[in-house]
Each structure stands twice: as structure tokens, then as C-alpha cells.
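Colleague: Let the sequences and hints guide you as you build the complete structure.
In this note's numbering, the protein residues as written are 1 to 233.
Hints were generated in silico from the structure; no laboratory data involved.
A quick note: this is a predicted structure, and the numbers were derived from the prediction, not measured.
For each residue, glycine too, the CB sits at the ideal point set by N, CA and C.
It is possible that part of the hints are untrue.
What the hints assert, rightly or not - Simulated DEER-style distance windows between Cβ atoms:
1) Lys180 <-> Arg226: 25 to 35 Å
2) Asp169 <-> Thr2: 17 to 27 Å
3) Pro200 <-> Glu40: 21 to 31 Å
4) Gly230 <-> Glu92: 17 to 27 Å
5) Ala178 <-> Ser203: 11 to 21 Å
6) Glu75 <-> Gly154: 43 to 53 Å
7) Val63 <-> Glu92: 24 to 34 Å
8) Ser70 <-> Ala152: 39 to 49 Å
9) Glu119 <-> Lys180: 14 to 24 Å
10) Lys15 <-> Ser101: 30 to 40 Å
11) Gly52 <-> Thr100: 26 to 36 Å
12) Gln187 <-> Glu153: 17 to 27 Å
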Amino acid sequence: MTKIAILLASAGELKLADGTGRPCGFWAEEVVGPWQLFTEHGADVVTVSPDGRPAPVEAASLVPESASLSPQACEELAEFLAAHALELKEPEPADRLDLTSVAGIYVPGGYAPLAQLHEHPAVATLIGRARRAGIPLATVCHGTAALLSTRAEGHSWPFAGFAVTGFSDAEEATVGMAGKLTWTLEQALEKAGAGYRSAPPWSEHVLEAPGLITGQNPASSMGVARALLGKLG
1 MTKIAILLAS
11 AGELKLADGT
21 GRPCGFWAEE
31 VVGPWQLFTE
41 HGADVVTVSP
51 DGRPAPVEAA
61 SLVPESASLS
71 PQACEELAEF
81 LAAHALELKE
91 PEPADRLDLT
101 SVAGIYVPGG
111 YAPLAQLHEH
121 PAVATLIGRA
131 RRAGIPLATV
141 CHGTAALLST
151 RAEGHSWPFA
161 GFAVTGFSDA
171 EEATVGMAGK
181 LTWTLEQALE
191 KAGAGYRSAP
201 PWSEHVLEAP
211 GLITGQNPAS
221 SMGVARALLG
231 KLG
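Modeller: Structure below.
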């Protein structure tokens, strides 16, 4: 059976520019929809975190007003997460993931990736192993921060020149986070050497590069998931 690994951050707090901490986690819509699609297409899903610690959900992603979803949709997201509580509580540590049976890796967003995935050595090692094995990597929203983990002083960044996208500065402004973050994904990707591209805020935007699929925001998560499945044949 085809296996897809969903890489989740285990960080529960993001430090802001003013020194305070903001609770964070994964964005429910970006996890649940693709997870369901993967299983509908016969794939087995394994959850992974950098250190094997539990992956928290971003509370705002289950609130209709902040998630821009109906109450019923939020309830269905919560029900799915409750049904898969064990996988979220006990993800596989990234350095123990056996890639011989993994066909693809998917990295969703939420603010937790900004707190952890961008600089965690286990994430860098996992991405490096996957690329050497020819395993496609798909990221969406703030999940694209995982690519930044592979930066190394004195070495060229593996994704330099790649067309990539992720949550934009314009979108950060619309959710009131502009000026509150210590860094933004758009600026960090550009500084690292990516060919960052964005669409108007909240519109679906998916880009493909060699071995890589990236999506801009929650609206792009299903497009990213479909593109990843397309790579698996």
C-alpha cells in the first residue's frame, strides 16, 4: 500500500516580536482534507514530528470565524481529529521514519512550523533523505517553512531558484500578524534564494518544481494534495 507521511510540528508556542508567546499548532483544514483524500485514494497515512512529541492543533482553525468555515465544517474537522487522536499524540520521530515504504511527504501549515520546522536538524535530515530517494515533498501555507531547515552555512540551499509559495506577507497583514512576527515566511524564502511567488490573498495557488509542490494558503491544501497524489501515479 502507498504510504504518505504527514510531517507536523510539535511546537505549541510561537515567540512574537514583543517577546510574548502565542499558542500555535497545525491548521486543521490543511491536515484533515488532504489526509482524507490520501486515504480515499488508498494511501496509508503516517504522522511524523521532528522529535516524536504530540502535534497540537491551532485552536483558531476550529473556530468558524477565524477559520472562515461553517460551524458544521469545523465540527467535522474536530470529529476527524478526535478519531485520529492517537496518531496526533504519538507521531513517528522524523529520524526514525523508514522511507523505504514512504511514497510522499506532506507538510501542512499553521503557525507551529514557524516555531520549529524551519530550523530543526531532524527536519533537514528527513528532507535530505527524501530528496536523495526521489520522494516528492509537498508543503502548504506555513508548512513551506520546513524547506528552510536545509539551509547550511557554506553550502548552497537545495531549493535555491525553485519556484515556491507559502503564506504571504499580504495574508499575514489580513490576519493581524504583520509586525508581530519575528520573521515572515515570504521574506525568509526570498532571502534564502527561492523564486517566491504569491497570488492575491486567500486564492488557491499551487506551484510545482523538481520534486517539490507548494501551496500558498488553506485554499491551496487540496490542490497540493491532489498534485502529490498525481506524482505517485
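Colleague: Now, for every hint given, state plainly whether the structure supports it.
Modeller: Verification of the hints:
1. Lys180 <-> Arg226: 25 to 35 Å: Since Lys180 and Arg226 have Cβ atoms about 33 Å apart, the given range 25 to 35 Å holds.
2. Asp169 <-> Thr2: 17 to 27 Å: The hinted range 17 to 27 Å is violated for Asp169 and Thr2, with Cβ atoms some 36 Å apart.
3. Pro200 <-> Glu40: 21 to 31 Å: The hinted range 21 to 31 Å holds for Pro200 and Glu40, with Cβ atoms some 30 Å apart.
4. Gly230 <-> Glu92: 17 to 27 Å: At roughly 25 Å between Cβ atoms, Glu92 and Gly230 fall inside 17 to 27 Å, so the hint holds.
5. Ala178 <-> Ser203: 11 to 21 Å: Roughly 19 Å apart at Cβ, these two residues keep to the hinted range, so it holds.
6. Glu75 <-> Gly154: 43 to 53 Å: 50 Å, holds
7. Val63 <-> Glu92: 24 to 34 Å: At roughly 29 Å between Cβ atoms, Glu92 and Val63 fall inside 24 to 34 Å, so the hint holds.
8. Ser70 <-> Ala152: 39 to 49 Å: Between Ser70 and Ala152, where Cβ atoms are some 44 Å apart, the hint holds.
9. Glu119 <-> Lys180: 14 to 24 Å: Check passed, 19 Å falls within 14 to 24 Å.
10. Lys15 <-> Ser101: 30 to 40 Å: 36 Å, holds
11. Gly52 <-> Thr100: 26 to 36 Å: 19 Å, violated
12. Gln187 <-> Glu153: 17 to 27 Å: 19 Å, holds
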